[in-house]
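A.B. asks: Here are the chains, one letter per residue:
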Amino acid sequence: IQLTQSPSSLSASVGDRVTITCRASQGVSSDLVWYQQKPGKAPNLLIYGASTLQSGVPSRFSGSGSGTDFTLTIYSLQPEDFATYYCQQVNSFPLTFGGGTQVEIK
Amino acid sequence: EVQLLESGGGLVQPGGSLRLSCAAPGFILGTYAMSWVRQAPGKGLEWVSLVDTRNIGIYADSVKDRFTISRDNSKNTVSLQINGLRAEDTAVYYCAKGRGGSYPESRTLDFWGQGALVTVSS
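Residue numbers (the working numbering), protein chains in the order written: chain A, 1 to 106; chain B, 1001 to 1122.
In short, the hints are calculated from the structure, not lab data.
Check each hint, because a few of them may be wrong.
Derived pair list, reagent style DSS-like, types lysine-lysine, alpha-carbon separation capped at 25 Å [as the list claims (entries may be wrong)]:
| no. | chain 1 | residue 1 | chain 2 | residue 2 |
| --- | --- | --- | --- | --- |
| 1 | B | K1043 | A | K41 |
| 2 | B | K1064 | B | K1043 |
| 3 | A | K38 | B | K1043 |
| 4 | B | K1043 | A | K106 |
| 5 | A | K38 | A | K106 |
| 6 | A | K106 | A | K41 |
These figures come from a predicted structure and were not determined experimentally.
Next comes chain B alone, as it looks inside the complex (with noise of 0.2 Å):
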């Protein structure tokens, strides 16, 4: 069964940093892209960062020089370092999976954790 568990979550101030980290307890991660997708109280989802089967990071421009997302496929892991931390950035952050590892099933997220609540405020 295919389990993504997302921890790291947590109440910070302005200008923190975090590391969100997601295990997948279920399944051999490193043949697939992951990506994080976050959705602010009571808005829509916004993906956030994608890392392909080579390690190699995508951004959204919201994010892109504060966030880096990377694997580590020896622990089958996938982290979300997180810096710079502002009021907008206050969301539920869900680490997905890509149905493959290459373009376009690596973009479409077939199974989603539960999310990890991050609450930037001082």
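So that you can see chain A by itself, here it is in the shape it has in the complex (with noise of 0.2 Å):
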């Protein structure tokens, strides 16, 4: 199963609201993973099951979808979100990870 992640990049201003969307080539159910990593740093899982929030994330991250099309919103950008985002589906093998995308201060 492809994921197809868009923007591949895109800049934004604290406070901002952010939209990252993820495609999957094919039906994935709700089994899509978000996660942040920063430069020189392991990711870090963000939401689960689509739309559950991981412990100890802050509530301005939230994530919806099913099947086939996902999003990961950031309300109100803040300067430790900026990193790059990656969805992974993992409703069947071989996982997959989407491209990522890098969130950069405008």
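Need the complex rebuilt from these two chains, each delivered in its own frame; the hints are there to steer you.
C.D. replies: And the structure:
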């Protein structure tokens, strides 16, 4: 299953609302996960089951979607949110990741 | 506190072998599925392999027949044996813990190690 993220990069300001999309080449039900990765660091789990916030993740992060189309929204972007975001489908093997979306400071 | 500590990375010649290990001080690894995910320099994430709680391994097509994942619950470790290394295997290899032992939690990675760099070059 191929995952296509868009955009591949974006520039935004602190306080902006940011939306990242992830489209699967075939339906994955709600088996979609979002990770955040900062330079030189391991990825960090944000959302699983398409919309469930991982413990400790700020509530400004939100996920939605099912089937083939998914969205990660960051409400009121904070300085610590500048990073690369990846979606992953866990519906079937081989597990696959999207190509990533780099969120940069405008 | 959950910690995952990878070891065994390094510089290897093409065709060579390497064994990566992941130790898990602080939690009992045996009840969770564990995965390896790699990231080539400047590139995105690529899932490599998963071992379930029964020690059954599942692999990406790109590494099947060359990589072997295993777990030793008595030592609380997971390993990845890598044979027939190619230049395109150069990457940071992350060990990651599944949220649980069965689908879909097993495939959702809630804790990651800091990674082990594998460089394949002559």
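A.B. asks: Determine for every hint whether it applies to the structure shown.
C.D. replies: Going down the list of hints, with the structure as the test:
no., hint, verdict
1, K1043/B to K41/A, "holds, 13 Å"
2, K1064/B to K1043/B, "holds, 21 Å"
3, K38/A to K1043/B, "holds, 13 Å"
4, K1043/B to K106/A, "holds, 23 Å"
5, K38/A to K106/A, "holds, 17 Å"
6, K106/A to K41/A, "holds, 22 Å"
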